Amino acid sequence: MKPKVLTTRDLSIGYRLGGQESRLVASGLKLSLIEGELVCLIGPNGVGKTTLLRTLAALQKPLAGQVELGNKLLAQMQEKEIARTISLVLTDPVEVGQMRVEELVGMGRFPYTNFFDSLNASDERVVRDAMRSADAENLKGRFFTELSDGERQHVMVARALAQEPKLMILDEPTAFLDLPGRVKMMLMLQKLAHQEGKAVLCSTHDLDLALQVADWIWLMDRDGSITQGSPEDLVLRGEFGKTFNRPGVEFDPGSGKFKTEVVSHQKLILRGGGIEKFWTMRALIRVGFDVLEEGESGLPLVEVVMEDGRPSWRLKQNGGVISHSSIYSLVCALSEENQNLISETAPQKARL
Amino acid sequence: MSKPSTQTVLAEKPFREVKPRHFLGWMAAFLLIFALVFILDLSYGSSKIPAGYIVRILSGAQTDMPIWRDIVLNIRLTKALTAVLVGSGLAVSGLLMQTFFRNPLADPFILGINSGASLGVALAILSVGTVGSLFMTQINTLGDLGVAAAAIFGAALVFGLVMLVARNVKSSNTLLILGLMFGYATSALVSLLIYFSLPERIQAYMIWTYGSFGGVTWSQLKVMAPVMLVGLVIGSLLGKSLNALLLGEDYARSLGLNIGRTRFFILLGASILAGAATAFCGPIGFLGVAIPHIARNLLRTSNHKLLLPAVLVLGACAALLADVLTQLPGTAFILPVNVITSLFGAPFVLWIILRRKAGSGVSI
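So the protein sequences, as listed, match chains S and R.
According to the working numbering, the stretch in the first sequence is residues 42 to 393, in order.
According to the working numbering, the stretch in the second sequence is residues 484 to 847, in order.
None of these hints come from the bench; they were simulated from the model.
It is possible that some hints are incorrect.
As the list claims (entries may be wrong) - Chain S side only, calculated, beta carbon under 8 Å to chain R, not exhaustive: (1) Glu120; (2) Ile123; (3) Ser128; (4) Asp133; (5) Val137; (6) Phe151; (7) Asp158.
If you're wondering where the values come from, they're calculated on a predicted model, not measured in any experiment.
All residues carry an ideal CB built from backbone N, CA and C; glycine is no exception.
Bound conformation, chain S alone (with noise of 0.2 Å):
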């Protein structure tokens, strides 16, 4: 077993509103990080995620409860002894002014540099290895004001290293960046954790991405409860759905997505292979049609053939064929046809 970095023992989080007031967030947490782990924390907008990275990273207090670093509890440690065990990347955008990359990242240094801050040839040593293993060494010298979204995430995530952490903790690091980018930074996050060791903490709406890259979940639910697991357990248990599901949204297990729920009105059967069939069944389902791959003859009949190894879709229904040269095309043909069937079947009301 890998040491634990963060464990909290019935751990309670929410604001205090002054005076005795207060509102509780979370009660009764024990979570646990530990070295060489992603854990991402997943659940819905306003739960208390941030606030719960929050209070793991001492910029808040618990309403009751301890955090436990090491073997030290988080409320009795100095501020430098934290910095130098936790760094953070926030949501909060970063405006920094006239500030180049590597100062920025050379931020990080700030709980081991001197009263007069200046950097030595270590912390330089360590300031370029964080620029490197963040895919940010590219950015040199180029005004942290000058950077995409996507560059400067990745600048604050070498800031958050060069503070040499056991552990990071990172508020939903990939909401705004693209969707390449989104996979380029879980995967680094991954790498930061499996290959430099780090404990590291995220947030994120990319359920899609942290079942792909994530060794633990924190489920958070509405009432503040966190299931925990690794996420195919999650998974087969059903815990995605439970959080998630309501009207019109589902989780599919099968896929490991959100899939909308579409009312079918026709079933349909589809025959053919490879990555074609696989697309267009999607494209099928997204109209509302009950994609079969057998069925009665009478259904309609969507074939997928290769011609001159170009995809042809051949649309068989009503005793006719017509040959469709793309996913567009076949589908338009196929609601037309599909919103006569509704019309037909209530007719007074379509003509109301």
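Using the hints provided, position chain R relative to the given structure of chain S.
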């Protein structure tokens, strides 16, 4: 040189310091300007004294014009030293406030320190001949420190209130609004005093609000200089903490910065500088908000370890230059300092900021 070797050289370059050679170049230029403006300020006035004499008088050598020695040492030198201290002090104070409030519009007076000083001075000057004259006679016993003492009293009162609030309130914005409210309340009180005052007293008060480096005597300077130096030392030592604060309070805390202690020293340093400057020279506007922007734009950095020394020298230069410009050539007229700083300073700052490409102009 082949490409790979260039890259190795780049990789081995120190990471942190942004072109330190450029920085040293700028600082050398600033210091040269400072020396020139200092001499100019001493030689310029109702009687023009050649720069050569100034240097000789300052080095203690005898000259054939003993009266010039008197003028330089007893009038112009005190004025120039006052300008240096006040210019540096207000510039450093402005930099501290801009970073602390993360607001490029912040200036040394944002906490309401000068409002307090104004109220003190208004009470001292305007209440003569009214119900408050008893208070005034007591102030007068302090001799030529009278007005300054009243201003210090007022500034200290506001500072005490700010610190009291700062201990209990976490948000910087609350402090900002608090300073604004102090300002409104005190200016209302000052208006009330003006309303019931004698015209000549009102004029005396108005002249104080125009600001002046010339009213400070050697005996006042002996009080003012140590106070300003304490403020400047406090400000100069905050470079590392101010850099961390640039990232925002949460990041600064996560870097191990003791926010409470840092807040205290920033507020203390900025208030001492603003309070002492206002007490002895009146509310000198503009320098505090403008000099930090000029320094940031010339050096192209937000690093306070570089900005603090630059702001220190630039503030002194600007105040000395303003003082030179207050003396209308060929006449004995002396214009108010505040008129000069704003009239000549505003276009200059606009030029400094607008010549940068869009978006990178104003920042903290």
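So, going through the hints one by one against the coordinates:
1. Here the hint on glutamate 120 (chain S) is kept, as its CB sits about 4 Å from the closest CB of chain R, short of 8 Å.
2. For isoleucine 123 (chain S), the interface hint holds, the least distance from its beta-carbon to any beta-carbon of chain R being 7 Å, beneath 8 Å.
3. A least Cβ separation of about 6 Å between serine 128 (chain S) and chain R falls short of the 8 Å threshold, and the interface hint therefore holds.
4. Against a cut-off of 8 Å between C-beta atoms, the interface hint on aspartate 133 (chain S) holds, since the closest Cβ of chain R lies about 6 Å away.
5. Taken as an interface hint, valine 137 (chain S) checks out: its beta carbon lies about 5 Å from the nearest beta carbon of chain R, inside 8 Å.
6. For phenylalanine 151 (chain S), the interface hint holds, since its Cβ comes within 8 Å of a Cβ in chain R; the closest pair sits about 4 Å apart.
7. For aspartate 158 (chain S), the shortest C-beta to C-beta distance to chain R is roughly 4 Å, which falls under 8 Å, so the interface hint holds.
Going down the numbered hints, you'll see the structure goes against none, and every one checks out.
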